[in-house]
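Engineer: Given the sequences, and given the hints that come with them, work out the whole structure.
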Amino acid sequence: MKKQYALAIFLGAVLIVAFAAIAGSGRTASDLPAPPAIGTVIDDFTLPGADGASHSLASLKGKNGTVIIFIATKCPVSNGYNDRMEKVFEDYKAKGFNVIGINSNSTEPAAEVKSHAAEKGLKFTILKDDGNKIADRLGANRTPEVYVLDAKGKLAYHGRIDNSQKLETITSNDLREALDELGAGKAVTKAGGAAFGCNIKRVS
Amino acid sequence: MRFHLSIPIAGVLTLGLVCAAVLAQQKTSIARAPITPIIVNGHPVDGVDITDYGSDVREINLDGLKKILQRDGNDKRPLLLNFWATWCDPCREEFPDLVKLDGDYKDKGLNFIAISLDDITDIKSEVPKFLNQMKATMPVVLLNVNDPEPAIKVVDATWDGQLPATFLYDHEGKVVFKHFGKIKPDELRAAIDKEIKK
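For the record, the sequence lines run as chains P and W.
Residue numbers 218 to 421, in our numbering, belong to the letters of the first sequence in order.
Residue numbers 1356 to 1553, in our numbering, belong to the letters of the second sequence in order.
Everything labelled a hint here was simulated from the structure, so no lab data went into it.
Predicted model only: the values in this text are computed from it and were never measured.
One thing to keep in mind: the hints can contain errors.
What the hints assert, rightly or not - Within a straight-line C-alpha distance of at most 27 Å, the following computed DSS-like cross-link-like pairs (lysine-lysine) qualify: (1) P:310 - P:369; (2) P:350 - W:1539; (3) W:1490 - P:291; (4) W:1529 - P:383; (5) W:1490 - W:1553; (6) W:1421 - W:1508; (7) P:383 - W:1490; (8) W:1421 - W:1533; (9) P:383 - W:1431.
Stated by the list, open to error - Some, not all, of what chain W presents toward chain P, calculated at C-beta under 8 Å: (10) 1416; (11) 1443; (12) 1445; (13) 1458; (14) 1460; (15) 1464; (16) 1472; (17) 1501; (18) 1503; (19) 1508; (20) 1515; (21) 1535.
Note that CB positions come from ideal geometry on N, CA and C, so glycine has one too.
Structural biologist: Okay, here's the thing in structure tokens:
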């Protein structure tokens, strides 16, 4: 008798969980992980690359710093920045900065990330963040979203690439200015900025 | 004689699965009603900050957005803002729920404005096309700003610009509910109900 009651209670609990899972697919503000504060050391992590090989953050660091950009294959805002991201990669390589792309979208598989990069001419290393673990760790919510680590691996900038989706109305090249300051050994004056973007498609 | 619980357990499970299937398939069919004007502080929002392109969607700039957010003591209605774009898939997916919500709360004292972040070149094409498909009834404006940051910050200090984003303000202009990503309709409705009762 007791066993059957326990089973009934267990099945009832399963039903409740099933309801909750079906009914909910978004996140309230309190669900989202908070990003690390400027100055926080970002711990090493390893993710598979779109190229199939595994890469650690440590192996991808630039001498003067590392630029991590959360990107997407399908988001028009992120795609609108493809050329600019590639240009930052090319312009700042010689200045000791490396650019890494991270795709955390559960809706965009690795094969798609790889073909998208080839098609769009993105030559920087792109990592696939299955289960959005690194997006969670860094509190990333949208694409594109930028994190810059300094030479010591501390977060020095967190925000946007620039202040305008359209090239002709850019008045503030926030990411480049931050990189130039870091490269000159100065503190970053403007450590971030908000911009519209597609939300990262997290696993529920 | 042993009493077998397996039959009622199977019954509850089946009931649960049927309910879940119904929940997952909610469809809306609202007849297209005329677009309501945007009323702020008892006056239609108009003037230099809003450019009318003759379609149902009007353009606003940062000042227009600030006007929408301004509350005066007399308008006790809560204000619901949903930020979306035709290029944002979850925004498109949640839209039918928002249309349904607008229908249900229009006469219950909710001020609901949907704010599109589409490109200004789509204000007469893609945006009204989508709204017609959705049979949208709420007023929609398109926010056109050069720098997104001041607009994002004036809406809510914790918002980083991700879309979709939904904010509910009380009559004092305080954010009493916010949600990033697709809305959970029940959660949003509960928050609105709470404000309307005040």
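Engineer: Against which earlier hints does the structure fall short, listed by number upward?
Structural biologist: Hints 4, 5, 7, 9, 10, 13, 14 and 15 are the ones this structure does not satisfy, whereas the remaining hints hold.
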